[in-house]
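Trainee: So the chains spell out like this:
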Amino acid sequence: MTAVTTPKKEKFIVPIGPQHPALKEPGHFEFAVDGEVVTDATVRLGYVHRGIEKGAENRNWTQNLYLVERICGICSHIHALTYALGVEALAEVEAPPRAQAIRVLVAELERVHSHLLWFGIAAHEAGFDTLFMYSWRDRETIMDILEALTGNRVNYSANLLGGVKFDVTDAQRAIILEGINFLEERTHHYLNVATSDGMFLQRTRGIGVTRLQDAQRLGIVGPTARASGVMRDVRVDAPYAAYDAFPINIVIETSGDLEARFVVRLKELFESFRLIREILDNLPPGDLQVKRFPRRIKPGEVISRVEAPRGEVFYYIRSNGSEQPDRVKVRTPTLCNMASVLSLSIGHHLADVPMLLVGIDPCFSCNDRGVVVCSSEGSHDQWTWERLRQYGIEYYAKKV
Amino acid sequence: MMQSEIHDAVQAQVTMALLAAQKLLAPWATQAAEARHMRVAGNGRADSLTLTIQPDQLLAAVQSLINAGWGYLITITGLDLGPEAGEIEVLYHFAAGAAVVTLCVKVKRETAVVPSVCPIIPSASFFERELSEMLGVTVQNTPNTDRLFLPDNWPAGVYPLRKEFKTEGPQPSDS
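Just so you know, the sequences run in chain order A and B. Sequential numbering of the first sequence, starting at 1, is according to my numbering. Sequential numbering of the second sequence, starting at 1, is according to my numbering.
FYI, nobody ran anything at the bench for these hints, they're computed from the structure. Incorrect hints may appear among the rest.
Claimed, not checked - With a straight-line cut-off of 35 Å between C-alpha atoms, the simulated DSBU-like cross-links for lysine-lysine are:
#, chain 1, residue 1, chain 2, residue 2
1, A, K54, B, K108
2, B, K106, B, K163
3, A, K165, B, K166
4, B, K166, B, K108
5, B, K166, B, K106
6, A, K54, A, K165
7, A, K298, A, K165
8, B, K23, A, K298
9, A, K298, B, K106
10, A, K165, A, K291
11, A, K298, B, K166
12, A, K267, A, K398
13, A, K267, A, K165
14, B, K166, A, K54
15, B, K163, A, K298
16, B, K163, A, K54
17, B, K106, A, K54
18, B, K108, A, K298
Said to hold, decoys possible - Label-pair restraints from in silico Cβ distances:
#, chain 1, residue 1, chain 2, residue 2, range
19, A, M133, B, A26, 53 to 61 Å
20, A, E147, B, M2, 31 to 39 Å
21, A, K291, B, T15, 30 to 38 Å
To be verified - Sample of chain A residues facing chain B (criterion: CB under 8 Å; computed from the structure):
#, residue
22, K54
23, Q216
24, A238
25, I303
26, S304
27, R327
28, L335
29, A339
The C-beta atom is built at its ideal place from N, Cα and C for all residues, glycine as well.
Starting from the given sequences, assemble the full structure and let the hints guide the process.
Mentor: Spelled out as C-alpha cells, the structure:
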C-alpha cells in the first residue's frame, strides 16, 4: 500500500485481495497503475497455506492419500492420483489396468467439471452472467455423475494405494453416457458463443497475448500454455495411468490471447468426452486393486507428474524406509502460471485485469472486499473486486 | 497407435533426451559414479537422471541446458537431510517430454547458500522465494526476497520444512 509519486502525474498502487468468494483460495495482488495502464504488479500468496507438506511428514503413507486429496477442492482426484502413482512406483507395486482406466475416467470427468466451472467464472468476470448461469447449470450434470459414481460431489476419494475403490456398474455407465451426450451438445454451443459473440470477443480477442517464446520463457503450463502454441501436455508427453492405452489428442491454439484460452479449454472438453466413451466401451477386465500394499516402503525417491485441468501437477516424494514419507513436495500449475499474469498485466488496462487473472484459471483467487486504492495524497478509497469487475464491464460498455 | 507402440515411442524420446542431457551436463557434474536413482512414476519407463553439481557450477550447468533448448524448469525442491547429515539438498527438476533431469546442489545447513537461477530463468523467482522461507536457504541475487507463503508475523530464522521444526502430528482441529 505504498503510494508512488511521479512529477505532475499520480500513480496508484491498487492492492487487490486477499478475499474472493467466487474462486477457491485467496491471494493478494498489488498493481501499480499510471492512469488506466498497469505499470507494475506483485503477488502475495499463502493466505490458505496449511502446511500440508510438513503435515505429510507426520502421517503414514495411507493417511497422506486423504490429506493430499484436500489440497484442492476442484481437482482433488488429481492430487490423490499423482500421490498414489508416485507411492506405487516407490513401492514397486502397479495398480491393475482396470483401476488405471477408472482413474483416468474420473480424472477426465473432473476435467469436464473444472473447465465448465472455469468457463462460468470467466463469463461472470466479463459481465456475461447468463452464460455463467447456463454453464454452471450444465456443470451440475457432471457433479451428479461424480456423485452417482463415487458417492461424493467433491473429494471423490476414488484412489487407494494400489488401485481404486469402486467399479463402474451398467446403470452408472448409462448415466455417464447420457450426461456426456448432453454436455457435448452444450459445449458446441459454448464454443460458438465464445468465438462469435461480439461483446464477449471484445473482452477476449487480442487481449493478454502471450507469444510462444514468452510462454516458454515464463514456464507456463496447461491450457494456458497450449493456447500459446506450447506442445505440452503430460498426458501426451509422459503417459501415466491408462493414458497410453487410451491416448489423448493434444489441443493447440497459436494466437495466445484470452480467446485462444477459451477455445483450448472448450475443445479439450470434446477430447474428454471422446475418452470417457472410449473407456466405458473398453474397460479392461480384472481386479480393482492389488492384494497387498506394504505399510513400510523401502528408501527411495520418486517424481510423479500428472496433467491436471490447469496444467502439470508435480510431486517429489522421498521415503526413508519407514511408514511415513520423509518429504512430499507439491508444485501446482497455478504457481507457474501466476508469473504470466504479473508480466501480462503490465501495459494492459486495469479494466482487463479481472479477465487476465481468470484467463489462467487460478486455483486460488483475489477477493471480493477490502480493495484499497491508495492515492499519493494518502486518501483511501475502498474498492472491491466486484467494483473492479464492474469497472471493467462499464469501461468496455462505453467503447461500444 | 497401440499401447505398446506409444510406450516404445515415449521410451525412445526419453532415452535420446537423457543422452543429450548427460552430454550437455558432463562438464559440470561431479561424482558421476554416484548412481542416484530418482524413479519417475510413468508406467514402467526408465526416464530420469540425477546429477550432483557444485553450487558455483550451477549457473553454468543450467545455462548449458537452456542454451540447448533442453526442457523447462518444473520446480525447485528443498530437502533437509536432518541435523546428523548436516546438509540441505536443493533439487532443480527439469523436464523435456517424459524425461526428467534433476540437478542436485548440496549445501551445509548452517551456511546454506545457492546462486539464483533467475538471470537465466526469470520464472524461478517464486520457487526461490519458497525455498528460502521454508528451508532457510539464502538465494544469492534473487530479484525478490519477500515472503511468498508465510505470514508477515512469522518469526525470523524459523524454517518450517527443516527437520527440527516439529508439529504435533495429526490432531482434531479444536484442540
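Trainee: All hints, please: hold or fail.
Mentor: Hint check results:
1. K54/A to K108/B: holds, 21 Å
2. K106/B to K163/B: holds, 16 Å
3. K165/A to K166/B: At roughly 34 Å apart (the allowed maximum being 35 Å), K166/B and K165/A satisfy the hint.
4. K166/B to K108/B: holds, 21 Å
5. K166/B to K106/B: Since the Cα atoms of K166/B and K106/B sit roughly 23 Å apart, the hinted pair holds (cutoff 35 Å).
6. K54/A to K165/A: Since the Cα atoms of K54/A and K165/A sit roughly 27 Å apart, the hinted pair holds (cutoff 35 Å).
7. K298/A to K165/A: Judged against 35 Å, a Cα distance of about 25 Å means the pair holds.
8. K23/B to K298/A: holds, 31 Å
9. K298/A to K106/B: Given that 35 Å is the threshold and the Cα spacing comes to 23 Å, the pair holds.
10. K165/A to K291/A: holds, 13 Å
11. K298/A to K166/B: Status holds; Cα separation ~24 Å.
12. K267/A to K398/A: holds, 32 Å
13. K267/A to K165/A: holds, 30 Å
14. K166/B to K54/A: holds, 9 Å
15. K163/B to K298/A: With a Cα-Cα distance of about 20 Å, the restraint between K163/B and K298/A holds, given a limit of 35 Å.
16. K163/B to K54/A: holds, 9 Å
17. K106/B to K54/A: The given pair, whose Cα atoms are some 21 Å apart, holds under the 35 Å limit.
18. K108/B to K298/A: Distance ~26 Å between K108/B and K298/A Cα, so the pair holds.
19. M133/A to A26/B: 53 to 61 Å: holds, 59 Å
20. E147/A to M2/B: 31 to 39 Å: holds, 35 Å
21. K291/A to T15/B: 30 to 38 Å: holds, 33 Å
22. K54: Cβ of K54/A sits 6 Å from chain B, so the hint holds.
23. Q216: The hint holds - Q216/A has a Cβ within 8 Å of chain B, the shortest such distance being about 7 Å.
24. A238: At 3 Å from the nearest chain B Cβ, A238/A passes the 8 Å test, so the hint holds.
25. I303: Holds, because the Cβ-Cβ distance from I303/A to chain B comes to roughly 5 Å (cut-off 8 Å).
26. S304: Cβ of S304/A sits 4 Å from chain B, so the hint holds.
27. R327: holds, 6 Å
28. L335: holds, 6 Å
29. A339: holds, 5 Å
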